[in-house]
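Enquirer: Keeping the supplied structure of chain W fixed, place chain E upon it in accordance with the hints.
There are 2 protein chains.
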Amino acid sequence: MSKKTLDNRSHKEEHLGSSAFITDIVIGMSDGLTVPFALAAGLSGAVQSNAVVITAGIAEIVAGSIAMGLGGYLAGKTEQEHYQSELKREYDEVEFVPDREREEVKLIFAEYGLNELSQNTIAGELSKDKDKWVDFMMKYELGLEKPDVNRARNSAATIGISYIVGGFIPLTAYFFTHTPYQGLMFSALLTIICLFLFGYFKSKVTGQPPLKGALKVTFIGVTAAAAAFLVAKLFNNLF
Amino acid sequence: MSKKTLDNRSHKEEHLGSSAFITDIVIGMSDGLTVPFALAAGLSGAVQSNAVVITAGIAEIVAGSIAMGLGGYLAGKTEQEHYQSELKREYDEVEFVPDREREEVKLIFAEYGLNELSQNTIAGELSKDKDKWVDFMMKYELGLEKPDVNRARNSAATIGISYIVGGFIPLTAYFFTHTPYQGLMFSALLTIICLFLFGYFKSKVTGQPPLKGALKVTFIGVTAAAAAFLVAKLFNNLF
Chain W
1 MSKKTLDNRS
11 HKEEHLGSSA
21 FITDIVIGMS
31 DGLTVPFALA
41 AGLSGAVQSN
51 AVVITAGIAE
61 IVAGSIAMGL
71 GGYLAGKTEQ
81 EHYQSELKRE
91 YDEVEFVPDR
101 EREEVKLIFA
111 EYGLNELSQN
121 TIAGELSKDK
131 DKWVDFMMKY
141 ELGLEKPDVN
151 RARNSAATIG
161 ISYIVGGFIP
171 LTAYFFTHTP
181 YQGLMFSALL
191 TIICLFLFGY
201 FKSKVTGQPP
211 LKGALKVTFI
221 GVTAAAAAFL
231 VAKLFNNLF
Chain E
1 MSKKTLDNRS
11 HKEEHLGSSA
21 FITDIVIGMS
31 DGLTVPFALA
41 AGLSGAVQSN
51 AVVITAGIAE
61 IVAGSIAMGL
71 GGYLAGKTEQ
81 EHYQSELKRE
91 YDEVEFVPDR
101 EREEVKLIFA
111 EYGLNELSQN
121 TIAGELSKDK
131 DKWVDFMMKY
141 ELGLEKPDVN
151 RARNSAATIG
161 ISYIVGGFIP
171 LTAYFFTHTP
181 YQGLMFSALL
191 TIICLFLFGY
201 FKSKVTGQPP
211 LKGALKVTFI
221 GVTAAAAAFL
231 VAKLFNNLF
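Line by line, the protein sequences give chains W and E. If you read the first sequence in our numbering, its first letter stands for residue 1, the second for the next number, and so on. If you read the second sequence in our numbering, its first letter stands for residue 1, the second for the next number, and so on.
Bear in mind the hints are in silico, worked out from the structure with no lab data behind them. It cannot be assumed that every hint is accurate.
Pairs of lysine-lysine residues, derived as BS3-like cross-links and limited to a Cα-Cα distance of at most 27 Å, are as follows [to be verified]:
no.: 1; chain 1: E; residue 1: K139; chain 2: W; residue 2: K106
no.: 2; chain 1: W; residue 1: K139; chain 2: E; residue 2: K146
no.: 3; chain 1: E; residue 1: K212; chain 2: W; residue 2: K106
no.: 4; chain 1: W; residue 1: K106; chain 2: E; residue 2: K146
no.: 5; chain 1: W; residue 1: K139; chain 2: E; residue 2: K106
no.: 6; chain 1: E; residue 1: K212; chain 2: W; residue 2: K146
no.: 7; chain 1: E; residue 1: K212; chain 2: W; residue 2: K77
In isolation and in its complexed conformation, chain W is listed as follows (with noise of 0.2 Å):
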């Protein structure tokens, strides 16, 4: 077991190094594949002309990859602020209520059952470099990582791109069909199945069941883009 054990764990660093990109690239493609077939799916329900779902669908897909890209890189540009100010702050604290802090230390331990000597060990052994006890401090009290200053640029990209590529495969099938409803029925096709390859894909980067995986990810989509169809026809019959 322990050479398992052993090779679990490096594999599962190797796995949270690469993790971050992976990630990036199953977020926008996700809903990439899936909010603009099922966009396009509702309107073929609704409206007469390819052209009319193709310019729905393109500015459903500049739209959201913007949202999503945009508001990614924004995001991630106030987890760093946040950081910072939290940073600066734990500084302060073991600067000017160092005995505060190192309490702070010893009920963390205390949670965890160490006796009052054991405690004091640990918060006077670590209160002895600051650098490294602010570190702690930001880990394990209040439990944020660095952020990674290039994080927020690159995930953006990354989503954006993602969400483009998945959310133009749905469309391609109204360029070369001449009704809606032909469209939807090869963008179906081609649809679903990308969307079990990539679900299957997710699944085992993320070391979850593949199939079992690659069914969520079909029936996300197959009932996002059923819904669509009916509620578009329904108001477009009523209206």
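Expert: Frame of chain W, contents of chain E only:
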């Protein structure tokens, strides 16, 4: 400063308690206000009928709320399964390779400059109670918090409903106007006000500078809408 720190801390904890719900509203409404607004704006430059804009908007709201809500629900369930499988693995490791696990505990504290004696004290004390030991490893080695079982369902509903509420705001303008251009004027006016107020509220709740936050959120929405408008118009002229 001690008093201020105490206030901040208790305020912080209170904030963390309600923040899951608020975060879900923020996630849903952010995208709900932005994407349907931008889609409607995009179509306003390309089609002649408010009915088409509204139909597309409704289809988008249905698709987006299901993709986000159902997607969020299934992601929450996956997170729970992941936690359970890691929990089982940690219990196995504590049971079958306790020496390795003690070494891992020591390694965590070695990084913070604690001496060998303190490391041994902590590892020895922690390993007296298996439940607390596993708790410790889950949180401090793997960085995993125990997920709330009701959280996935509640989160899905909150995100989905917030998306629907946010999404209907920009659409209302197209019900009461005669042409897409008129609709766009009122929609933009109404949505920009709502984006600004929402951004202000969101920043207040998350402890960010509110004016800066309000401008950020408004900027994302306006950029997405302007880009969707331009691309849809360009595509429509070429087609």
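Enquirer: Tell me the numbers of any earlier hints that the structure contravenes, in ascending order.
Expert: 3
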